[in-house]
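Position chain C against the provided structure of chain W, taking the given hints into account.
There are 2 protein chains.
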Amino acid sequence: MFEGALQDLIDQLGMLPGVGPKSAQRMALHLQAADPDDVTALVDAIRAVRERVHVCEVCGNLTEDPLCSICRDVRRDPTMICVVEDAKDIQSIEGARVFRGRYHVLGGAIDPIHGVGPDQLRIRQLLTRLRDGQVTEVILATNPNVEGEATASYLARTLNTIGISTSRLAMGLPMGGDLEYADSITLGRAMEGRRSMS
Amino acid sequence: MFEGALQDLIDQLGMLPGVGPKSAQRMALHLQAADPDDVTALVDAIRAVRERVHVCEVCGNLTEDPLCSICRDVRRDPTMICVVEDAKDIQSIEGARVFRGRYHVLGGAIDPIHGVGPDQLRIRQLLTRLRDGQVTEVILATNPNVEGEATASYLARTLNTIGISTSRLAMGLPMGGDLEYADSITLGRAMEGRRSMS
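Protein sequences appear in the order of chains W and C.
Residue numbers for the first sequence follow full-length UniProt numbering, so the first one is 1 and each next one is one higher.
Residue numbers for the second sequence follow full-length UniProt numbering, so the first one is 1 and each next one is one higher.
This is chain W alone, in the form it adopts within the complex (with noise of 0.2 angstroms):
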């Protein structure tokens, strides 16, 4: 254990996401000796992303205007919404240029364990969206485990009752896993053999 502040700054990493006790240490003790400037920027991006991003008011991806740069492309097709979990599963759909429609963040997938049922996702704001009729078909890409089966299998439910056509990504994806770490070439096919939950 070191002293005092340094000790403080390893435990606050080692909360971050990803980081182990080692990484906090590391991380904190190069932040110890970096150059001044170095950390004033890391300090300066913290703050800068805490004070101008935030939640698209239409699809909940992160943006620094009201609406994110997706949202604001007239060229998107208006027809598809991809319904994933987290902001960042659209960035491993884009990175895989398999779709040109809209997409609709959740916000995480139903986990009744973790007290994480429907009302807490964002699935109010996807029907608001569904109500004028010019989406013909939502694809649903939440993460191919239990929770992300099962906030499809709900949504799957509800859109079609509404007379929303549904699909899902193909099985190609690997059971278990987290779409965040799939690679674009499993996931190009994932998009094109995705398959009606009608």
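No lab work stands behind these hints, which were simulated from the structure alone.
Remember, it's a predicted structure, so these values are computed and weren't measured experimentally.
Glycine is no exception: its CB is placed at the ideal position from the N, C-alpha and C atoms.
Treat each hint with caution, since some may be false.
[To be verified] Among the chain C residues that face chain W by a calculated CB cut under 10 angstroms, a handful are:
hint: 1; residue: Gly18
hint: 2; residue: Gln25
hint: 3; residue: Leu29
hint: 4; residue: Pro36
hint: 5; residue: Arg47
hint: 6; residue: Asp132
hint: 7; residue: Glu192
Leaving out everything else, chain C in the frame of chain W:
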């Protein structure tokens, strides 16, 4: 790629040691959505380390006082100095509870390819500490890799010339490894089996 401030923070975090692009993205998205108090605590912790933590005047360990807790501790054996490359190596050896003397942090190892020679390390400060004749043994606990071995050989030659006994942590540490990742038992064996370099 995300937009503006968010991508900027991902880039900044990606410059920290051991943080790859995916980790940086996860950390940035976590910070964007985290509780304001948690973000303030992290930024304050970085600021506190930068303002309060510095190098111990005597040994080069990190501390918030003029002298580090080990140099202040009168129960520590003043006749032995354990020389390490980095402050984090002190934590590893202290964790193994196999050494009750003082330390000296070099701030790296001799590495001509990267322009680090004896003059770039805290060797002059070590020689100053040895001047009063109180120290009878210097344990060379540099990393068991090429640079650490070269540094130990250089120090052994220099210190033996001025009549100071030197020893090296016993091999038992895996070659090519890093002292930081050694377990306590391996470190304990290495401390017990240290061999004379005089």
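For which of the previously enumerated hints does the structure constitute a violation, in increasing order of number? Hints 6 and 7 contradicted; others consistent.
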